[in-house]
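Please model the entire structure based on the sequences and the hints provided.
Chain by chain, the residues run as shown.
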Amino acid sequence: MIAELGLAALWLAAALAALQLVSGALGLTPKGAALAGIVRPVAVVQGLLALTAFICLIYVFAVTDLSVKLVAMNSHSMKPLVFKIAGAWGNHEGSMLLWVTVMGMAGGVVALIERRLPERTMLATLAGQAFVSIGFYAFLLIASNPFERLSPTPVEGNGLNPLLQDLGLAFHPPTLYLGYVGLSVAFSFAIGALVTREVGPAFARAMRPWVLAAWIFLTAGIAAGSYWAYYELGWGGWWFWDPVENASLMPWLAATALLHSVSVLAARNALRAWTIMLGVVAFSMSMVGTFLVRSGILTSVHAFAVDPERGSFILVLLAIYIGGALTLFALRAGTVTEGERFALVSREGALVFNNVMLSAILGIVLFGTLYPLVAEAMGAKVSVGPPYFNPMGALFVVPMLVVLAVGPLLRWRNDRFGRVGGRLVIPAMLVAAGAMALLVMGGVSLLPFLGLVLAVGLAWASLLPLRERKLRRTPLAVWGMVMAHFGVAVSLFGMSSESAFSIEKLVAVNAGDTTEVGPWLVRLDGVEPVAGPNWTALEAQLKVRYKDADPVMVRPQSRSFWTPPQQTSESALLTRWNGQLYAVLGGEGEDGRWQLRLWWKPFVTLIWIGGLLIAFGGVLALIGRVKSDLRRIIARDRTADRRESQGR
Amino acid sequence: MSEETPTTTRKGGGWAIWLPLALFAAFVALVLIGLLRPADRNVESTLIGKPVPEFQLPPALPARPGLDSRDLANGKPHLVNIFASWCLPCRVEAPQLAALAEAGVPIEGISVRDTTEALQRFLDEHGDPFQRIGADDDGKVQLSLGSSGVPETYVIDGKGVIRYQHIGEIRPEHVPLILDKLREASR
Amino acid sequence: MAIKAKHQRLVLLAIALIVLIGAGLLAAWALRNQASYFYVPSEIVADPPAPDRAVRLGGMVEQGSLRTEADGVTIAFVVQDGDARVPVRFSGIIPSLFVEGSGVVAEGRMGRNGVFIADNLLAKHDENYIPREMQEMTTAQAERVVAETR
Chain A
8 MIAELGLAAL
18 WLAAALAALQ
28 LVSGALGLTP
38 KGAALAGIVR
48 PVAVVQGLLA
58 LTAFICLIYV
68 FAVTDLSVKL
78 VAMNSHSMKP
88 LVFKIAGAWG
98 NHEGSMLLWV
108 TVMGMAGGVV
118 ALIERRLPER
128 TMLATLAGQA
138 FVSIGFYAFL
148 LIASNPFERL
158 SPTPVEGNGL
168 NPLLQDLGLA
178 FHPPTLYLGY
188 VGLSVAFSFA
198 IGALVTREVG
208 PAFARAMRPW
218 VLAAWIFLTA
228 GIAAGSYWAY
238 YELGWGGWWF
248 WDPVENASLM
258 PWLAATALLH
268 SVSVLAARNA
278 LRAWTIMLGV
288 VAFSMSMVGT
298 FLVRSGILTS
308 VHAFAVDPER
318 GSFILVLLAI
328 YIGGALTLFA
338 LRAGTVTEGE
348 RFALVSREGA
358 LVFNNVMLSA
368 ILGIVLFGTL
378 YPLVAEAMGA
388 KVSVGPPYFN
398 PMGALFVVPM
408 LVVLAVGPLL
418 RWRNDRFGRV
428 GGRLVIPAML
438 VAAGAMALLV
448 MGGVSLLPFL
458 GLVLAVGLAW
468 ASLLPLRERK
478 LRRTPLAVWG
488 MVMAHFGVAV
498 SLFGMSSESA
508 FSIEKLVAVN
518 AGDTTEVGPW
528 LVRLDGVEPV
538 AGPNWTALEA
548 QLKVRYKDAD
558 PVMVRPQSRS
568 FWTPPQQTSE
578 SALLTRWNGQ
588 LYAVLGGEGE
598 DGRWQLRLWW
608 KPFVTLIWIG
618 GLLIAFGGVL
628 ALIGRVKSDL
638 RRIIARDRTA
648 DRRESQGR
Chain B
7 MSEETPTTTR
17 KGGGWAIWLP
27 LALFAAFVAL
37 VLIGLLRPAD
47 RNVESTLIGK
57 PVPEFQLPPA
67 LPARPGLDSR
77 DLANGKPHLV
87 NIFASWCLPC
97 RVEAPQLAAL
107 AEAGVPIEGI
117 SVRDTTEALQ
127 RFLDEHGDPF
137 QRIGADDDGK
147 VQLSLGSSGV
157 PETYVIDGKG
167 VIRYQHIGEI
177 RPEHVPLILD
187 KLREASR
Chain C
363 MAIKAKHQRL
373 VLLAIALIVL
383 IGAGLLAAWA
393 LRNQASYFYV
403 PSEIVADPPA
413 PDRAVRLGGM
423 VEQGSLRTEA
433 DGVTIAFVVQ
443 DGDARVPVRF
453 SGIIPSLFVE
463 GSGVVAEGRM
473 GRNGVFIADN
483 LLAKHDENYI
493 PREMQEMTTA
503 QAERVVAETR
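Residue numbers (this note's numbering), protein chains in the order written: chain A, 8 to 655; chain B, 7 to 193; chain C, 363 to 512.
Calculated directly from the structure, the hints in this document are not laboratory data. A quick note: this is a predicted structure, and the numbers were derived from the prediction, not measured. Quick reminder that beta carbons are idealized off the backbone N, C-alpha and C, glycines included. Be a bit skeptical, because a hint or two may be false.
[As the list claims (entries may be wrong)] The following label-pair restraints were derived from C-beta to C-beta distances: (1) A:Leu-528 to B:Asp-143: 37 to 47 Å; (2) A:Ile-616 to C:Gly-465: 33 to 43 Å; (3) B:Leu-185 to A:Gly-596: 47 to 57 Å; (4) A:Leu-528 to C:Ala-438: 39 to 49 Å; (5) B:Ile-39 to C:Pro-410: 38 to 48 Å; (6) C:Asp-409 to A:Leu-446: 34 to 44 Å; (7) B:Gly-133 to A:Val-537: 28 to 38 Å; (8) C:Ile-380 to A:Leu-528: 49 to 59 Å; (9) B:Ile-39 to C:Arg-429: 52 to 62 Å.
[Said to hold, decoys possible] Here are some chain A residues the structure puts well away from chain B; computed CB gaps all over 12 Å: (10) Ala-25; (11) Thr-36; (12) Ala-145; (13) Phe-146; (14) Ala-337; (15) Leu-338; (16) Arg-339; (17) Phe-456; (18) Ser-509; (19) Phe-623; (20) Val-633.
[Said to hold, decoys possible] Derived coverage of chain A by chain B (criterion: at least 3 residues anywhere in the stretch with Cβ under 8 Å from a Cβ of chain B; other residues may be distant): (21) 381-394; (22) 523-533.
What follows is the structure in structure tokens.
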């Protein structure tokens, strides 16, 4: 019953999305103006219906209604409740439903609260949002109905794979999804503005919170995904330039560029066409990423875990929406009036530089990710990895970071380097001192070297915008910016330090042997079998000692699961303020010695701490922006009330 | 809008504003080539048309005979299903195998790296279409058949020659194909 | 420093285009040099890549060829494809699915002495074909994709 309710809600939501599109589009014409009034209410109801459908799905998963095919395929009555619920979106159909739900809800919120924009732009925006939603509703209802019944009802579900019962797995994908879908709102705003040609600060202010929120989720999602790969894969690395990772990085790069250009538009009414294009590109990258991951087009080695049909469906949606939006852009952008002008040396100039660099990096990542496809079309099998991405990325990241240190100090419109130069003396000295120290130490290769010295300078420079301000009265948005930029420095320091100073040791040892890795002494006490609920493992008892401190036990395992049979190595991490010890247990040799792989990774945790700082900076900025927007709205309503009462 | 500054409308950019669209079109073309290229992804077994390699597998269940390659050359076409109790897709194909068995197709099983108890539980839960089940505990026979995963299903003709290899689970829409191949094999 | 106001849009556009096209050309050049090609033993024997070039070598581990060296962490084995044999050396933790007779992809480079030096071994990871209903790209699968595309 609940499943049918969910399906009905989904159909109704789809119908309302169609109504929203038609009435929004007709509302723009002189004849259809009467329809304009219903667009907002329809958008709100559409969002609520999608939410109803999603709640129904969560319900059938929570009670394990096995007559629903999706539940039977992906759940099991013995699962803990939290994994039953997370199972609702841990599959293709459910995640698509989550996608349309978030999209519908976001559209509803826009319809409910956004009053700054001209009504025509709002109509076009909501119509655009509905247009995108319809495609995903169609995808769900035609090709991937989540509420399909199964007859006869199986006695038990199929989804008790313990490997998938992981909290990180349950919440990491939806975090990225929230980011992707948030960008769809920015996309709709861009479409709305293109249709009515009304691009200006009000438009930028309306769009900014959505971009910020999406960007926060993407940042947090990427940081969490990276840490997951780091501890779970047991390879010691934290970023592999794998297509799945790149698929989440590309929307982030576009969203970061958009975030900065939208600030220029909001503050200075410049970069109009460029911001619109980034709005389109950011959501395109979300869809391209989803497509690349889902279609499996880039992982042809693994031909069975993917579905070309569903990939094709997403490709069709992609072609319609993105192709359509870019065509509209090409037709209209030339007629969007040019914004305010500015000198090259100015806050705007620095932000333009940031945008161009981010776009270049985006291009490099996209190109590198797609290159195996190009090569395959020409008959060669290749893979692209760090030897390409690292130096090519650095080529553009380094100048961007230099400008990042200077940009926030510059004035809008027009400035001189001479004015801000004085304040940059200390960061410059830090850079020089760091460079000297590293040169004396020697043995650090170019990229980590640049990263370390830049990180030190940038950490200081990023705090400079707070000088000469009364800290109490500094707007939250400025605090947010400072914190995010500081986070970049922190993260960069972690990455460079990991790459420059990591010490790796690969040994075969007998029980009782001691080996040294960096400042640590590691002694293998023995290897013992241990058992978990669904696995057995060999566990190494490592007594590790940091310099003169008391010894600590760490226990890396080599785990064997039996349903399905699979071996994983559970690395053991020991965190100290200045780094992590990372231990992996390998196999036993014929002579009875055990393989151990040990790393001492100085300051590696800063990578993710920096990522969290960046995301937290975004949260501060979002709170600040929303607060000041609300204040403005309230003030305007009061004036309107007063005017009204005076008019009477 | 009061904030909008009226500036002259200029057709700036020219061809450059078509650039994003052109790049996007190139992307779509590229992935279309990738999607449409006839999938040489399905590794066709080189063993098709060749006799089944010789093997003798012990019984996987005490009450059921094991599988000998000579059992397959008894004049009638057979299905040989490589499966395991730990394999999720094998559960998906169980109803199709049951339907085939019901239609009178002799189905032989090779259970890969399994235990008697787990296997028995699997058959109890998901149905048991097998005449014989051989235990391939180290996966050697599976490899010798050119199979690299579970489930895989082979159509073997009456002379013990491999006629068709089905990779992955048999879905309802594959059943007619399998029946076709069996009919061909019986000719 | 101020640009002639009239041309600002064009100048900015030109700069951005130049940078982006430059980035594209650089990327194309770098990809030609840095992409790592996939070889099977007969190809690598017939036409070996430059000694320092990162490549991947895929084939079967020859029965009886696996040896562990005295340090206990370096292994030597032969990868073959029926036509040619390539000796490989690898130091590191051996993946659990790596056994003689199994398929393997080795990432590394061809040494000057004809021995392939592997930095990483990818054994065929999952022998369980995944049906469409279970194909949601979870991070667990992402892990597998990571493992198989690297």
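Structure-based check of all given hints:
1. Range check, Leu-528 (chain A) to Asp-143 (chain B): about 43 Å between beta-carbon atoms, so the 37 to 47 Å window is met.
2. At about 40 Å, the CB distance of Ile-616 (chain A) to Gly-465 (chain C) agrees with the hint of 33 to 43 Å.
3. Taking 47 to 57 Å as the suggested C-beta distance range, the pair Leu-185 (chain B) and Gly-596 (chain A) conforms, at roughly 52 Å.
4. Checking the proposed 39 to 49 Å range against Leu-528 (chain A) and Ala-438 (chain C) shows it is violated: the Cβ atoms sit about 31 Å from each other.
5. Taking the beta carbon of each, Ile-39 (chain B) and Pro-410 (chain C) are about 30 Å apart, not inside 38 to 48 Å as hinted.
6. A beta carbon spacing of about 42 Å between Asp-409 (chain C) and Leu-446 (chain A) agrees with the range 34 to 44 Å that was offered as a hint.
7. In this structure the supplied range 28 to 38 Å holds for Gly-133 (chain B) paired with Val-537 (chain A), their Cβ-Cβ distance being about 36 Å.
8. At about 55 Å, the CB distance of Ile-380 (chain C) to Leu-528 (chain A) agrees with the hint of 49 to 59 Å.
9. One distance hint, 52 to 62 Å for the beta-carbon pair Ile-39 (chain B) and Arg-429 (chain C), is violated here, with the actual separation near 44 Å.
10. Chain B leaves Ala-25 (chain A) outside its interface by the beta-carbon criterion, the shortest separation being 26 Å against a cut-off of 12 Å.
11. Taking the minimum C-beta to C-beta distance to chain B, about 21 Å, the non-interface status of Thr-36 (chain A) holds against the 12 Å cut.
12. The beta carbon of Ala-145 (chain A) is kept farther than 12 Å from every beta carbon of chain B, the shortest such distance being approximately 19 Å.
13. Its beta-carbon lying about 17 Å from the closest one in chain B, Phe-146 (chain A) satisfies the requirement of being farther than 12 Å from that chain.
14. Against the 12 Å criterion, Ala-337 (chain A) falls within the reach of chain B, whose nearest CB is about 5 Å from its own CB.
15. With a cut of 12 Å on Cβ distances, Leu-338 (chain A) falls inside the contact zone with chain B, its closest approach being about 9 Å.
16. A Cβ of chain B approaches the Cβ of Arg-339 (chain A) within 12 Å, the least distance being about 9 Å, so the stated non-interface status is violated.
17. Listed as a non-interface residue, Phe-456 (chain A) keeps its Cβ farther than 12 Å from every Cβ of chain B; the least gap is roughly 35 Å.
18. No beta-carbon of chain B comes within 12 Å of the beta-carbon of Ser-509 (chain A); the shortest separation is about 36 Å.
19. Residue placement check: Phe-623 (chain A) keeps its beta carbon more than 12 Å from all beta carbons of chain B (closest about 31 Å).
20. For Val-633 (chain A), the non-interface assignment is confirmed: its Cβ lies about 20 Å from the closest Cβ of chain B, beyond the 12 Å cut-off.
21. A stretch counts as covered by a chain when three or more of its residues have a beta carbon under 8 Å from one of that chain; for the region 381-394 of chain A and chain B the count is 3, and the coverage holds.
22. By the rule of at least three residues with a Cβ nearer than 8 Å to a Cβ of chain B, the coverage given for the region 523-533 of chain A is violated, with 0 such residues.
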